[in-house]
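Peer 1: Spelled out from the first residue to the last, the chains are:
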Amino acid sequence: MEKDIKLMKGNDAIAEAAIRAGADAYFGYPITPQSEVIEYLMAEQPEKRTGMVVLQAESEVAAINMIYGAAGAGKRVLTTSSSPGISLMQEGISYIAGAQLPCVLVNVVRGGPGLGTIQPSQADYFQSVKGGGHGDYKLIVLAPASVQESVDFIKLAFDIAFKYRNPVMLLTDGVLGQMMEKVEFFEQQERKKEDEPWATVGKAGRGHRNYITSLFIKPEKMYEVNLELQKKYREVEKNEVRYQEIDTEDADYLFVAYGTTARICQKACQLAREKGIKVGLLRPISLYPYPYDAINKLADKVKGVMVIEMNHGQMVEDVKLAVNGKLEVGFMGRSGGIIPTPSEILEALENKFINK
Amino acid sequence: MLMEALEDLNLGDETIGVAPVGCSVFAYHYMDIDMQQAAHGRAPAVATGIKRVMPDKTVFTYQGDGDLAAIGTAETIHACNRGENITFIFINNGIYGMTGGQMAPTTLENMKSSTSPYGRDLKSMGHPLKMTELVANLNGVAYATRQAVHTPALVRKCKKAIVKAFKLQKENKGTTFVEIVTNCNSGWKMRPVQANEWLQKNMIPYYPLGDIKK
Ligand SMILES: Cc1ncc(C[n+]2csc(CCOP(=O)(O)OP(=O)(O)O)c2C)c(N)n1
Ligand SMILES: [Mg+2]
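Top line first, the protein sequences correspond to chains A and B. Letter by letter, the first sequence follows residues 1 to 356 in the working numbering. Letter by letter, the second sequence follows residues 357 to 570 in the working numbering.
If you are wondering where the hints come from, they were derived from the structure by calculation, not from laboratory data. Any given hint could turn out to be false.
Footprint (simulated), chain B over chain A, 3 or more residues, beta carbon under 8 Å [stated by the list, open to error]: (1) 17-29; (2) 52-60; (3) 70-81; (4) 85-98; (5) 196-209.
In this text, a Cβ means the ideal position worked out from N, Cα and C, and glycines have one as well.
Sequences are here, hints too, so could you generate the full structure?
Peer 2: Now the structure itself:
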């Protein structure tokens, strides 16, 4: 078959990927820098192409609860937003995790706190990876570093979401959402035909009713459900860790960075090697589950680890856990929509470990 | 009565109900149909999600006045305004029953509650909200009615209204909205019979029964 290659903006590509992944519905509310997703969908009218429903909700609160309803019907559903909108969705996300519903969420992160800036950022790491909403739950979080991965991960995210009956988030940022890159599309997937056995679609032909809830009022039952969730998360940690290593074989120093900053670090590695400093990069692709083991192993080989982020060091905590005191962990970051440059990243590494 | 209506129309097997947060949070334990439990106030959005992906199924929400007319006002108005083909069953008991009798948007003037211990003062606490009149103004709403269930005759009338609402939903006529004015004797701190008398004397004059849009 001929390859389906397009030059496309990240947000548009995510929208197209959702249609091709056989999504049943999209519910969302506009917010910069990701409004192109719903604009693309409204213009494309996927209802005519695949039967996929697209609805502009009155708020992110409504959008995430529409997701809850449609996910509870066992359908493939997604929403996209950016930081303040994702904050509004947190109650709903917690309910979705508690009721064990599959869905895909995309956060095209912008700088905060508050209304912040519409420029790119990675300041929602804690919110995505450590909780965000209330209760003992986990989102499975994937961090694409290109438009191509944004597309591929939409499909992957649906697969993982249904495998574990758990919400999956794509954590991208304003750079990835707004930039144009060449992207190859997977072929159109069929929308789901079979009903999930647990879904609320009307009890006809089943003989018993299904219900979707996150309410377990008896402590023993709530405890039991929490243990079940923990068991699921251990499975996720066993099976779904994803990362990429670049130039780590002979590296004396290691960058750890995800998404956009990982792309910039690749350039910083090049600059370093031109100067004779052997630097490698570990790029976590899944932020939960986190590649602790891979970083831990590399910590035996290198002399220093630098974490690079577009925030003030949120992922440093996980890298320190991974390194487990074997080495010093340095950090360089910019925030507020300022993107670190390869040369200042390299300079930070040199100042921390070489010129001291 | 709600289940009777679905049974009469032979819709039980293809219906999905949405339970709120409030005294009816466990509604899904008492109705032998598929149901979802929604976050406080969000039942109309949840119902929208369900209905949009399964337009042929019957979908209803069952919500209290705090749920539908306070925290969930935006979801209620917008689902009605879009004319979502869903049925609202709106239980107006003038109070937050579940959480111990706090003031609701529907609490009457001078009515005492645990957060209006000296009675609702209109100047500082606002006016009791007539939600059904409000949504009846929206073009998406096909049927809006206010019913009650404190006498057998009223129960029969109310059931008729619910049947009509589901029939209109099946005909894709738009949003159908059935308010039911009820007592909450524990929240009102009254005996059941006394609560019904108080309801007839005080609630019904402010919340008059009958169709507001048909
Ligand atoms: C986000 C959120 N805020 C507050 C609550 C607490 N709460 C539970 S039920 C309720 C009021 C319910 O009142 P109403 O909707 O009138 O139902 P009733 O119990 O009277 O039937 C409140 C405030 C909650 N569960 N979730
Ligand atoms: Mg109430």
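Peer 1: Would you pick out the hints that fail for this structure and give their numbers low to high?
Peer 2: none
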